[in-house]
Amino acid sequence: MGANEGESIDNLIEAAAAALALPIESQWKPGIKSNLQVTLRLAAMVAEFELPDEAEPAPVFEA
Amino acid sequence: MDAWASADRIASAVAAGRTSAATVVEAALERIAERDKALNAFTAVTRERARAKARAVDRALAEGKPAGPLAGVPFAVKNLFDIAGLPTLAGSKINRDRPPATADSPLIARLEAAGAVLVGALNMGEYAYDFTGENVHDGPSRNPHDTARMTGGSSGGSGAAVAGGLVPIALGSDTNGSIRVPASFCGIFGLKPTYGRLSRARTFPFVASLDHLGPLARSARDLALAYDAMQGPDPEDPICADRPADPTLPLIDLGTSGLRIAVASGYFKHDASPEVLAAVAHVAEALGASLEIEVPEAARARAAAFVITTSEGAALHLDRLRTRARDFDPTIRDRLLSGAMVPGPLVVKAQKFRRWYREQVLRLFESVDAILAPTTPFPAPRIGQQTMQLSGAEVPLRPNIGIFTQPISFIGLPVVVVPVPLEPLPIGVQIIAAPWREDIALRVAHALDQAKVAAARRPTE
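Chains as they are written, first to last, in this note's numbering: chain D, 1 to 63; chain C, 64 to 524.
Hints are computed from structural coordinates only; laboratory data are not their basis.
These figures come from a predicted structure and were not determined experimentally.
Note that CB positions come from ideal geometry on N, CA and C, so glycine has one too.
Worth double-checking, as some hints may not be accurate.
Here are the simulated DSS-like pairs of lysine-lysine, each with C-alpha atoms no more than 30 angstroms apart in a straight line [stated by the list, open to error]:
{"#": "1", "chain 1": "D", "residue 1": "Lys29", "chain 2": "C", "residue 2": "Lys515"}
{"#": "2", "chain 1": "C", "residue 1": "Lys412", "chain 2": "C", "residue 2": "Lys332"}
{"#": "3", "chain 1": "D", "residue 1": "Lys33", "chain 2": "C", "residue 2": "Lys100"}
{"#": "4", "chain 1": "C", "residue 1": "Lys156", "chain 2": "D", "residue 2": "Lys33"}
{"#": "5", "chain 1": "D", "residue 1": "Lys29", "chain 2": "C", "residue 2": "Lys412"}
{"#": "6", "chain 1": "C", "residue 1": "Lys100", "chain 2": "C", "residue 2": "Lys156"}
{"#": "7", "chain 1": "C", "residue 1": "Lys332", "chain 2": "C", "residue 2": "Lys515"}
Label-pair ranges, simulated between beta-carbon atoms [unchecked claim]:
{"#": "8", "chain 1": "C", "residue 1": "Gln452", "chain 2": "D", "residue 2": "Ser8", "range": "31 to 37 angstroms"}
{"#": "9", "chain 1": "D", "residue 1": "Asp10", "chain 2": "C", "residue 2": "Pro393", "range": "57 to 63 angstroms"}
{"#": "10", "chain 1": "C", "residue 1": "Ala90", "chain 2": "D", "residue 2": "Glu5", "range": "55 to 61 angstroms"}
{"#": "11", "chain 1": "D", "residue 1": "Ala18", "chain 2": "C", "residue 2": "Leu485", "range": "50 to 56 angstroms"}
Chain D is nowhere near these chain C residues, computed Cβ spacing over 10 angstroms in every case [said to hold, decoys possible]:
{"#": "12", "residue": "Ser83"}
{"#": "13", "residue": "Pro163"}
{"#": "14", "residue": "Pro298"}
{"#": "15", "residue": "Pro313"}
{"#": "16", "residue": "Leu340"}
{"#": "17", "residue": "Met451"}
Take the sequences, apply the hints, and build the full model.
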């Protein structure tokens, strides 16, 4: 993870916390950041998988 | 009745009048009082309620009423199930302020209608966002095979209570592996049914898209007994399938001949410790399963499950994160806060991927009836352990515990975990079937149980 990416995650945390009215104490930030980095890495793996525009999501899944 | 007696044996003995429900339940309460000091499985023991229910079971039998299939069988539930008169903790400090539940969860009611007797509520990882069985508020549940080790989670108390011989049956929940991981670490059987099969009404949720409930037990037959008693539609849970019960117990002795069983290859063979791979190979050999099958895009499925979990979990707890963030377990709080910050399009893409992946995996079941896979990449780690040696590298422990369970629950497939009684620590193998084919997974598990390939080994105390 480059310095810029780290910084952009710091900015995302600040902005999202403000937008969602989440009170974040400064000592929580490293933990939040490391979790968010893992999530975004895994989310990128899913996002890069090509699906057609018509693909339906499965929010209410029926097996 | 021995503390290791199966639910099946207890119910037969009670039905035949060889013992009474009151005697069985009193012995279970004594056993819990003595052994739970070491295991920390229970957060509440419902003594008076259990005694009253046991008397009612005995009275009904004395009046000549038919004995239920679980007559006099003690059981306990993860503390995210509503129990009338108790606040539903879901492993948290915050929920201690909730008013007591006004009614039991329907799964408790259905087990009790079959004659079973609830004896208490079980420890769990906070809000079920956990694979370890550790809990900062109640202390960790402890593995009966080595109390310095994790039970696995988040249904940690459920694993400890069954593997420790405190109850023959416990209920847990499984969003990403929370029934299957404790079954593996504690060396017992666990069933995660098809998504939508068992009612989730009156239980504290975690991830609506992925939450399942199910039983843990020391035999496949006991899993089937409990599962059959709990099946059926429930208008209180909008996800619960509107389909009649498919009893599995009448089919459990059919054996495995004619079943096409394959071993999951690729993803499910990487990052597993040698003893885990040996356990899968041992089970495969016993079943004559020489075929290997690739579950397509399993790594991406696990990633998508992770993303949906953190996002939906955060949405569930958003108000509590605003007002009571300091009352969370700090580890869970950081995870949930980060989940609130995941951009929406990434979550929608994960749900789209889910449908694609489901279609691919369902195709596999045109050529096989069951798939074998590891459950956890390693046996139970030490409580508090942070890293693990895997494939020659030191990796963080917690995020890796669920890598083999998450791609399966992601699309709601039914799974039975069977315990392979390795020394010194047992390990579980997943038997995965097509949707609504719990009967097949249970048949295979029962055959392995009968052949002693799988067995819930009694811990030394």
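Each hint, compared with the structure:
1. Lys29(D) with Lys515(C): The given pair, whose Cα atoms are some 50 angstroms apart, is violated under the 30 angstroms limit.
2. Lys412(C) with Lys332(C): Status holds; Cα separation ~27 angstroms.
3. Lys33(D) with Lys100(C): Cα-Cα ~38 angstroms, so violated.
4. Lys156(C) with Lys33(D): 24 angstroms, holds
5. Lys29(D) with Lys412(C): Holds. Lys29(D) to Lys412(C) sits at ~27 angstroms (cutoff 30 angstroms).
6. Lys100(C) with Lys156(C): 21 angstroms, holds
7. Lys332(C) with Lys515(C): 24 angstroms, holds
8. Gln452(C) with Ser8(D): 31 to 37 angstroms: Holds, since Gln452(C) and Ser8(D) (Cβ atoms, about 33 angstroms apart) stay within the stated range.
9. Asp10(D) with Pro393(C): 57 to 63 angstroms: 20 angstroms, violated
10. Ala90(C) with Glu5(D): 55 to 61 angstroms: Because 60 angstroms falls inside the window, the suggested range holds.
11. Ala18(D) with Leu485(C): 50 to 56 angstroms: At roughly 51 angstroms between Cβ atoms, Leu485(C) and Ala18(D) fall inside 50 to 56 angstroms, so the hint holds.
12. Ser83: Non-interface label stands for Ser83(C): nearest chain D Cβ at 41 angstroms, farther than 10 angstroms.
13. Pro163: The claim stands: Pro163(C) keeps its Cβ more than 10 angstroms from every Cβ of chain D (closest is about 30 angstroms).
14. Pro298: Pro298(C) clear of chain D: closest Cβ-Cβ about 16 angstroms, beyond 10 angstroms.
15. Pro313: 23 angstroms, holds
16. Leu340: Nearest chain D Cβ is 25 angstroms from Leu340(C), so the label holds.
17. Met451: 16 angstroms, holds
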